[in-house]
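Trainee: Following the hints, position chain C against chain W.
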Amino acid sequence: MRDFSYLRAGSLDAARQAAALPGAMLLAGGTTLIDLAKCGVAEPDSLVDITHLKGLDKIAVSASGATIGALAKMGHVADHADIKRHFPAVSEALWQAASAQIRNMATIGGNLMQRTRCPYFRDPANFPACNKREPGSGCSAIGGVTRGHAVLGTSEACIAMYPGDLATALVAFDAIVHLGERRVSVDDFFLLPGATPDREHAIDPGEMITAIEIPNSAAARRSTYLKIRDRQSYEFAAASAAVGIEFEADGRTIRDLRVALGGVATKPWRARAVEQALKGKVLEPDAVRAASLLAVEGAVDNGANHYKIELAPRVVARAILKMGETA
Amino acid sequence: MTKTTIPVHLDVNGHRHTLQLEPRVTLLDALRDRLGLTGTKKGCDHGQCGACTVHVDGERVLACLTLAAQAEGRTVTTIEGLAREGELHPVQAAFLEQDAFQCGYCTPGQIMSAVACIREGHAGSDEEIREYMAGNLCRCGAYPHIVAAVRQAALEVQS
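As given, the protein sequences belong to chains W and C, one line each in that order.
Numbered by the working numbering, the letters in the first sequence go through residues 1 to 327 in order.
Numbered by the working numbering, the letters in the second sequence go through residues 328 to 486 in order.
Think of the hints as simulated: they come from the structure by calculation, not from any bench.
From a predicted model like this one, the values you see are computed outputs, not experimental measurements.
One should not assume that every hint holds.
Unchecked claim - Computed cross-link-like contacts, EDC-like style, restricted to lysine to aspartate or glutamate with a CA-CA straight-line distance of at most 20 Å: (1) Lys58/W - Asp384/C; (2) Lys54/W - Glu213/W; (3) Lys38/W - Asp372/C; (4) Lys58/W - Asp79/W; (5) Lys58/W - Glu386/C.
Extracted from the complex, chain W is given alone in its bound form (with noise of 0.2 Å):
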């Protein structure tokens, strides 16, 4: 790991000007950050330490949403009782992510930043050719091995699959990101690859994520998190599904549908070709399964990866069939 300085802010504004500076980072939980440093993939000039601010960890829940601050910790945020209770899709997105450690470390701000974990993107001394590092070096995934890399959301410059947990809950919900006093929605704030794979994020030098704010929703409050992987835990997603359903009076006809998809696509996947599809209709095995194919339309593999392509809309309709049990 190349040394940088240190620098621990004592204010939100002594942060946002340190670490606009050139070659300058921000560091909050370093589970990303300092992983990457090591691997010779991040080589920071300068951290700005964030942990020690104060205030920006709080976790309000009112009637309107949630507000969660940056720098709560993952692990913070997937027991609060209000959080279980309102958005249990964010809770069981955070509890099935990592390890309890690194949930301790993580904040909810940091996690947002997470970075791919493509083993291409990670090895600059054996893989030299990586846009997303380099602009315009290539791409060694593409022909590589790609049992982990995105079946949705990919172009010819990258194919690196997104693998957080958290964000694809939060891209259900809608919620939006604060940058200070500047609204983004989560899903918009996620960047597609198209030519340019090393812009991840919509947020520019001087930004800081500041908060985290999910509107709340009855079909928010009836979610979950259905989360398939390699093995049973500490693992990222083959494929994973945040969905939450509202029922009309009837209790059987869909009046809201969320969904969206983790371990498949380049970013955060919000699948609403599949809400449409259901909405307005009685919840029905068949139909639910029929419509969940509809969130891998478009998906393109690169041979290794092709199960997700199957995986993915079955992953969708036990969720959806889930949600509907617990009428």
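Mentor: Chain C alone, transformed into the frame defined by chain W:
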């Protein structure tokens, strides 16, 4: 870049230390190489194995992904700080009784994780113990005995 060091004050197992460190030095390396507290192990050094688990302000974290400078002003507890007046912590004793290790390399991390797991209230069933101990890998595969040790210690701590 010229090598610069910064003073870092650490509170480890109730003892205060002042070290001059390069900013990139992790808490793990500071504990092992500067303070001689080699009970905390370096496994993967990338946050994937849990061997370096310590407590910071009473919560389990990974020392390999924590900069030493970030631990300033916080209380650090390592495996060396668990026993009280020569008496093993109940989790240490349970690991011995249940034979919850083979080579022992992951054990300090397992024990630090287990102490926190019990304190968090996540040791209510074998299934819950497995889930909340998942961040600590054991390449010898001593998992059934580790679960038994955590279960035993949880009962002792609660009673």
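Trainee: Decide, hint by hint, whether the structure agrees.
Mentor: Tested hints:
Under the criterion of a C-alpha separation no larger than 20 Å, the hint pairing Lys58/W with Asp384/C is consistent with the structure, at around 18 Å. Between Lys54/W and Glu213/W the CA atoms are separated by roughly 19 Å; this keeps the pair inside 20 Å, and the hint holds. Between the alpha carbons of Lys38/W and Asp372/C the distance comes to roughly 9 Å, so the proposed pair stays at or under 20 Å and holds. Our distance criterion of 20 Å between C-alpha atoms is met by Lys58/W and Asp79/W, whose separation comes to about 13 Å.
The suggested pairing of Lys58/W with Glu386/C holds, with an alpha-carbon distance near 18 Å, which does not exceed 20 Å.
When held up to the earlier numbered hints, the structure conflicts with none and fits them all.
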